Structures are given as C-alpha cells and as structure tokens.
Amino acid sequence: MGIEALDLVVIVAAIAVGAFIKGATGGGLPQLAIPVMAVFLGVEHAVVVMAIPGVVANGLLVWSHRAEAPRTRHLPAMLAAGVVGSVAGTMLLHSLDGRVLSGVLALVIVTYIVLSVAKPGFTLPERVTRIGAGPVGLAAGGLQGATGISGPLLTTWLHGFGMPPRAYVFALSSLFFVFSTVQAITLAGVGLYTPTRLLESLLALLPILLALPLGVRAARKLSARTFQRVILVLLAASVVSLIHDTFAGAPS
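With the working numbering, the residue at position 157 of the sequence shown is 169, and numbering never jumps.
It cannot be assumed that every hint is accurate.
[As the list claims (entries may be wrong)] Ranges of calculated distance between the beta carbons of each label pair, as one might list FRET restraints:
#, residue 1, residue 2, range
1, L18, V252, 19 to 29 Å
2, L214, V129, 37 to 47 Å
3, L20, P207, 16 to 26 Å
4, P132, E56, 24 to 34 Å
5, R142, V21, 41 to 51 Å
6, A236, G203, 44 to 54 Å
7, W75, G203, 28 to 38 Å
8, P132, A200, 38 to 48 Å
9, W75, A200, 19 to 29 Å
10, D19, R139, 41 to 51 Å
11, P82, L221, 20 to 30 Å
12, G203, V21, 26 to 36 Å
13, R229, A25, 31 to 41 Å
14, V126, M103, 33 to 43 Å
No lab work stands behind these hints, which were simulated from the structure alone.
In this text the structure is predicted, and so the values were computed from the model without any measurement.
Glycine included, every Cβ here is placed at the ideal spot set by N, Cα and C.
Could you build the full structure based on these sequences and the hints that come with them?
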C-alpha cells in the first residue's frame, strides 16, 4: 500500500513522540505509533513493522537502567509466562477480537486509576504481585503478540508495585524487550516479514534513536511523585484509546 508524503510525516512524528515518551516513562511507543500507522497501513502491517524497533528501543533502556535490576521483583515469572503468551498471541494475530480485549483492559485500568486516586500511595500487596506475576505476564505477552501493544496492562500492573522511577522503567523495558524479541522472531517464522516491511522497520529506528535519549534526559528532571502522576495520565489516555477501539472497531 502506497502512502503520501504527508501521511509519512504523520507516521514519523507519531514514532518520534512515542519514542520520547518511552525514554521518559518506559512505555508509550507502540501505544502511539501502532494505531497511527494502522490507519495508513493496516493493523497487521503496523504490528510487524514496529516489532524490530521495539526490540532496539527496549534493549537500549534495559542497558541504560541495568543497575536498577535488584530493585524490581517477580520479573523472571512474568518474563517466562510472557514468552508463552507472546508466541500464542502472534500465532492468533488474525483471529482474536481486538474490541473485546480493549474493552476488558479498559475496565481493569479504570478500576486501578480510581483506586490510585482515591487512595494516594496505593500499592499492590506483595502476596498479590507474587501470585499474579505469571497470569499477568501471560496475558501481557498475548496482547503483545496479537496487537503489538501490551503497555496499558503492564504499566498498570507495575505502577502498583510502587517502585522508584528508574527501577520501574527497567522492569517495564525488560518485559517489553523480551516480548518484542519473541514477537519479532515469531513474525519472521510465520512469514509476515517481506523485504519491504523489513526495510520499513529499519527506517523506523531513525526517529526512535533521535527521540529516545531526549526522553531519558527529561525523566531525570522529574520527581518520583511527578513521575507517578505522569504514568496515571498516560494510563487515562490509554483508556480513552481502548474505549474508542471497543466501540469503533479501531486498531487496538
């Protein structure tokens, strides 16, 4: 499918803004880039193109925040379950009803936001996060494989841990890195990469490599309290997008 020059500008801008937000918060790139790209290219095309950039962007954040690893918890269980979910979700890319997924996820996020606002400083008990690590990882991996977007679920879950900002970014980026890697390999294995799509993936790295470091620098100026508020605002924005997807049948 050919696109006009203005369409290309919109796509590049969406990728760049998403990369800046990702550098600052650990998430936001696929949530912004994939729906915009899907308008011009279709959902499957957008998911395939953004898989490799997701691997690179998250790999960079994992490396730059690697000292924070000891301050996270339950990552191994989430990663292991997420790998299984990512493969399954990618294999089911054509058959899952994204509207149903979007509706359920929006409800979960709204519930969490209400709790966080009603009870400032609200965190999930350690027993809950330990038991839920596997199921949440499996569901997030499935969303990543099927839609390219697992951020709303993972952001909500990890925000409830009450981790320091840089540890939060490390945990979120680690999950995204592994899920994106499995997704990209699976996409290649089922033959969804063409030479054109591969080239588009590599070109998408250019705005990411420019904007991501700017977001990382901006995050250093945010206090922990401000950072948590920014995450809640992003979650609220994701709810709006998910509700639109549910009722309008837009890309999830």
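Is the distance from the Cβ of R229 to the Cβ of A25 consistent with 31 to 41 Å? 20 Å, violated
Is 44 to 54 Å right for how far apart the beta carbons of A236 and G203 are? At 45 Å between Cβs, range holds.
Taking the CB of L20 and the CB of P207, does the distance hold inside 16 to 26 Å? With Cβ atoms ~19 Å apart, the hint holds.
If you check the beta carbons of G203 and V21, does the distance land in 26 to 36 Å? 31 Å, holds
Taking the beta carbons of D19 and R139, is their distance inside 41 to 51 Å? 49 Å, holds
Quick one: are L18 and V252 within 19 to 29 Å, going by C-beta? The hinted range 19 to 29 Å holds for L18 and V252, with Cβ atoms some 25 Å apart.
Take the C-beta atom of R142 and the C-beta atom of V21, compute their distance, and say whether it sits inside 41 to 51 Å. With a Cβ separation near 46 Å, R142 and V21 satisfy 41 to 51 Å, so the hint holds.
Is 28 to 38 Å a correct range for the gap between the Cβ atoms of W75 and G203? 31 Å, holds
State, for the Cβ atoms of V126 and M103, whether the hinted interval 33 to 43 Å holds or is violated. Holds: the Cβ-Cβ distance is about 35 Å, inside 33 to 43 Å.
Note whether the CB distance of W75 and A200 lies within 19 to 29 Å or breaks it. 23 Å, holds
Is the gap between the beta carbons of P82 and L221 within 20 to 30 Å? 28 Å, holds
Assuming the hint says 37 to 47 Å, is it satisfied by the Cβ distance from L214 to V129 or not? About 42 Å separates the Cβ atoms of L214 and V129, which means 37 to 47 Å holds.
The structure fails to meet hints 4, 13 from the earlier list, while all remaining hints are met.
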